[in-house]
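Chemist: Listed here are the chains, written in short residue letters.
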Amino acid sequence: MTDHDQPVYDLSGHTPLIEQAPLARQAAFSADHCLKCNICTAACPVAAVTPLFPGPKTVGPQAQRLREPGQPSPDHAVDYCSSCGICTLVCPHGVKVMEINTQAKARIVERDGLSLRNWFLSRNELWGRLGTPFAPLLNFGVRSRLLRLLAEKLFKVSARGPLPGWAGYTFRGWWQREQKQHPRPAQHDDSQRVVFFHGCSTNTYEPFIGKLAVAVLEHIGLHVEIPPQTCCGLPAQSNGDFDAARCYARHNIEALADYARRGIPIVGTSASCMTAIKGDYRHVLGLDDDDAQLVAVHTYDFMEFLWKLHQEGRLPTGFQPIEREYPYHAPCQLKAHGFGRPVLDVLSLIPGLKAWEIDADCCGIAGTYGYKAEKRAIAELVGWPLAEQVHAAGAGTVICDTETCRWQITALTGANTIHPVELVAAAYGLTITDKAYTPPVGE
Amino acid sequence: MTPTAVDVLVVGGGATGAAAAYDLARRGVRVLLVEQSDLSTGTSGRYHGLLHSGGRYAVGDPGTAAECITENRILRHIAPFAIEDTGGLFVATPDDPADHPARWVDACRAAGIDIDALTPAQARAQEPALTPHITAAYRVPDAACDSFDLVHGFVEAMRALCAHSTLCGDLLAYHRVIRLVTNDNSVVGAEVENVRTGDRQVIHAACVLNAAGPWAGMVAGLSGITVKVKLDRGTMVAMNTRWVNTIINRLRPADDGDIIVPVGTVAVLGTTSVTTNRPGDHHVENWEVSKILGEADAVIPGIRQGRALRAWAGVRPLYEPPDIDHGDTSGHGVQRRFAVIDHRVRDQLGGLVTVVGGKLTTCRLMAEEAVNVVCDQLGVDTPCTTAAEPLPLPAFRQQYHRLDHRLRKLEHGQLPGQLICECELVTRPQIEAAIAGYGDHPVALDDLRRDLRLGMGPCQSGFCSVRAAGILHEVKEHSNLKVTRALKDFVDERFRGVKPLLWGHQLRQLYLDELIYRRTLGLDRLIAPTPEERLDS
Amino acid sequence: MTANIASPHGNQPGTDVLVIGAGLSGLMAAVHAVQAGARVRLIAEGWGQQLIAPGWISVCDRADDDVIAEVRGYAALHPDHPYAKAGDDAMVHGLEAFQAITAAIGLSYDRRRRDGHNMRLITMLGAIQRVMMAPRGIANSDWTDVTESILLVGLRGWRDFYPELAAGNLRSQGIEARAIRIDLPEPPGPWDRWPTDLARLFDSSAFRAAIIKQVQPHIRGVEKVGFPAVLGLDHHTEALTNLSEQIERLVFEIPTLPPSLPGLRLSNRLRRWLLRRGVRVQIGHPVTRGLVEGDRCVGVEVQALGHVTPFYADHVILATGGLYSGGIQTSETGRVWEPIFDLPTAGPDVPGREGWYYDRLLKERGHPIHRQAGLRVDHDLRPLNAAGEPALANVYATGHMLAGFNPLTDGCAEGIALATAYKAVHTALELDDKNHRGATDTGL
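Residue numbers (this note's numbering), protein chains in the order written: chain A, 1 to 443; chain G, 1 to 537; chain W, 1 to 444.
It is possible that some hints are incorrect.
As the list claims (entries may be wrong) - Once the Cα atoms are required to be at most 25 Å apart in a straight line, the calculated DMTMM-like pairs of lysine to aspartate or glutamate come out as:
1) K153/A / D190/A
2) K363/W / D446/G
3) K409/G / E178/A
4) K308/A / E301/W
5) K409/G / D79/A
6) K308/A / D16/W
7) K476/G / E164/W
8) K308/A / E293/W
9) K409/G / E110/A
10) K363/W / D347/G
11) K363/W / E532/G
None of these hints come from the bench; they were simulated from the model.
Looking at chain A on its own, in the form it has when it is part of the complex:
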């Protein structure tokens, strides 16, 4: 029993904005269902590798009964939770263990404030945008071992954490230019429209993913719209900065609600951003209003959306063969969606392509967790079973839906990593102009 004691406030003002969700629907309340069976503890990838984390049950439903309502949690061990959410998935009794723990982390931040490092990690949206004009300089910094060690000393950002490089331009900027140069015909039929949610990474680090996504969606015959949007808020949320996370969330809900009302699907290539929009806004941040629900209902992960189109008979299946075999890592955030493995389902439509799922709960990075100096070693150990299987398969390329996981997998294994949209675009024979991009299957 915790969160229901406190009304949810708008960040800008102090008026209670959102009607309380009924008690029994709140994540914290699901602790009531815990049978202490410790299946979650047995499955927790973090508890498996560090004695500092006593496991999700101990800091979650067990501690929850003993937390003073409305007061910060006294239990600091919860800080070692990576919020990967495997605990919530394996629980047979419906306890929202990860959600409880994330809310407890927010309580600690409420009391003790956010460290400078965590503030920094929570605002990759800001750094992505501000850094773009200085891409060459910053990319040098990111690649400089010396500067990274300095950053580790000063800011406790791990020198081994796989930081991306800035693209030097933004996806949004490209899209504006693109529309000027190649104006799309107006589309009046909402059923032929789709909204693309690019997320911060695509915007500033990997714009080619967004370009490919747009190309695929347009190839399918959909009219793509990219409304103003901001960070999904997940980095701030996992760092316990709920104020910032709610601010981002409200911004996005506002930007997307009108589309959702018209039944226009919202599609994104980052499975973790989509987790936030579909689930966390309501279940973790407590923004449980009609708009949030409407947006969640109409939001799809990119590959989930393609599979849905296929089920409706709307996905062109004239794929060119790709005679390759790839291991696929389903990120923990993607597992939280509960939509199966649409990547494997869609890729199975491509002749010759064999993709198989790596048996791993989490790659270890868990958003910003693996960038923290004190947690980097844990993140690497968590990712070890994944790396072992990639090594054993001798795979040079791994498919994965989420950007930080891809960077982590590359850091752990040395393997190249690709987003599944790259294979879909290749099988459709679609190309994009991007100097930084090499298609997975060469010409």
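On the provided structure of chain A, position chains G and W as indicated by the hints.
Modeler: Chains G and W only, in chain A's frame:
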């Protein structure tokens, strides 16, 4: 050493008996407290945990209401360690009589109970779980009171006062009074039997104070006199979480299922009222559980779907004065919910005083008035001073009703050692200390439960019982058979309180517990059922 | 809940077999279906009961001699028992297929091949459980032919194993046993160790060496050495073999409190095996209702994040478990129901909760609710509707959710899970026993 002669033998280790023993010790009287089980295991231990403001009785029983508010303030002063100042709310729903709140407000004012009117919005801001359909809400000075802490507080204070005497100030637990020794129309002592060993002994006393609660009629009956005690069974249900942080009373004429008390980790819902003829009638019927949950759900929507952890019943000893009652020295008339009977006056039998009825909130007052009569018989004229001075903090008990206390300690390394009960955060060193506290006496796992809350959380001892049994075997050096039997007894005891609540998640929990006991441990293969157990169905 | 769909979904892209549930019967149903060449999807809300159970395979614990013969005899006399519904052959083949697949994934399960009797296994309280089959480490505790003493090894400072108490109770039953405690070579951390923590330590040969050194001085006159069931997780077989070799005595495991290491090892390995064969394994979200067209279930809906997601399939294996796992639900008012297809349960017949439980938890033969609150099925394991007809042509129920047995007291829970999983898949895919490829498809 058990004394064989004292000034006063107090019968009954509940709140009244313990308070009386403490009161006597303060007045310099040599006192021995005898209890058939352990402290606070009768009505006092089987209550909802509410320190009344008196609001509940304001309309129907103004005298009791006035006593409650006075004693409420006194207990807060003398036993703060046992009390969590949750405050209380009285709330009315559209189903409740519309004219009741106004009458209630007047009655509270008359009784001296401070009440604050709240708007429904204010009430919901304080307790968001409350139904949006509140028609009236008032704040009252209710509190949650841990009766175990309170009773232990009285007993330890008594012991401290008598520390230099070997003849008094002791507690004789697990001893039942089987005979009152009389001499010339006067009670001069009692024969007690150790319920575990069957050993008997006579304890001489100038006066016996009968504070045996529901058993008071039986104790008085040992001397051939009649004290009519109306036994009224009430059921309570503990929910797995607190739900509210303020005590919630239903603002209507007193009825079943009116009270919700946040106590420690749980919320206690109560209660029902069913006449019974057995002082130890602790059974709970399914309809009572449904009734309680249904009434609570009207005030806190959704609570019926929450997880109920444990149900139990206590027997209220309501006093029924005989038609001609010379002995009611309290003089407050039949409205009084408690009575002190001077048998010297009423039955021409000296050396025996009975105190019966009342509430946990008024236990100190009951003790004071009963002890006044006892002292009158003894010729002691020292006045009562129990209201003035705070009790020393009990050393052993740990203020378990403070919610996050244990978690904070665990987090800060102040609870070292293995965590044995993961639900209620009980550690191995705590268990070892508790076992040591029993000296040479045998220890049941249920004793550790009462001392430490072992096994009282959601899993109802599924995990900690075998651990505690293992520790008992190691530390206490009980034989393996004795410990295995103790484990089985504990399993039976725990099941009694959860059986009325087996549906949904609590049913799943007991499935898990049963799986552990039967399959993982094979406990049922080690302990053959007794012939009586075989017959039970 | 079921939804009758207006438009036909029969041609939706889906899988051949959809298994709901990740317990023993669900996982094995997926294995059978994969081995038969089917495309398979497995959806479960959390792991099944193997994660809390001791880990052995109870087929008919009460059998005094040949277990299979006892089951055959019992099934012949009790046509409503799940064993009778599944048929004798399903039980025999189900057990053999399980033994084959577990051997293939590197987790051997043993039984007494010599006489087909139950083994006599030791519990952490020192009781004896008679069980037909168990993971090798646990099966090693079979006390049937032991002539010398048994040594139980406790780990000092660990809260979940009390070898002295177990040894005492064994001696009280006439079994020569004694206990020692050894130190863990690793310093204690700030928190108690979970069984999984210890198992990971036992995965390391250096750790085992330090354990072996402490046990060796105590093995005179000892025939077998028992440890809590934490001897390795990812490298369990290696740990078990290594300990036995170095201690020069047969080393066995004793199941401890949940989470169950034997269950975890099995679940992890089977999941990897299934993933490598293209099975979509999805754990974490409840199936909320079946999508029904006429007398067929064309798929199910999952309460996924944000919205409900449909999954289509030709055959559905319902392996959602019984009262523990939520395959059968109960309410305060005494309602008992199956939530996905709203199928009726065999009992209880009386409204309200009266009569569900006796007054003592450990009442002999257990509580009526466990026997009654399950599905009635036909001889193809298709659940019956209120009229006693198969509710759906292509839905099969397996394992704990079946009525007619008490999984806690009857000593047959795992046997039924294996028999019904085998039977359901073979009926659904119209396989005869020759089609079953057993463990020919091996490796991870």
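Chemist: Would you mind marking each hint as holding or not holding in the structure?
Modeler: Taking the hints in turn, this is what the structure says about them:
no.: 1; hint: K153/A / D190/A; in the structure: 52 Å, violated
no.: 2; hint: K363/W / D446/G; in the structure: 20 Å, holds
no.: 3; hint: K409/G / E178/A; in the structure: 61 Å, violated
no.: 4; hint: K308/A / E301/W; in the structure: 14 Å, holds
no.: 5; hint: K409/G / D79/A; in the structure: 17 Å, holds
no.: 6; hint: K308/A / D16/W; in the structure: 18 Å, holds
no.: 7; hint: K476/G / E164/W; in the structure: 13 Å, holds
no.: 8; hint: K308/A / E293/W; in the structure: 20 Å, holds
no.: 9; hint: K409/G / E110/A; in the structure: 21 Å, holds
no.: 10; hint: K363/W / D347/G; in the structure: 49 Å, violated
no.: 11; hint: K363/W / E532/G; in the structure: 12 Å, holds
Hint compliance for this structure: hints 1, 3, 10 are broken, all remaining hints hold.
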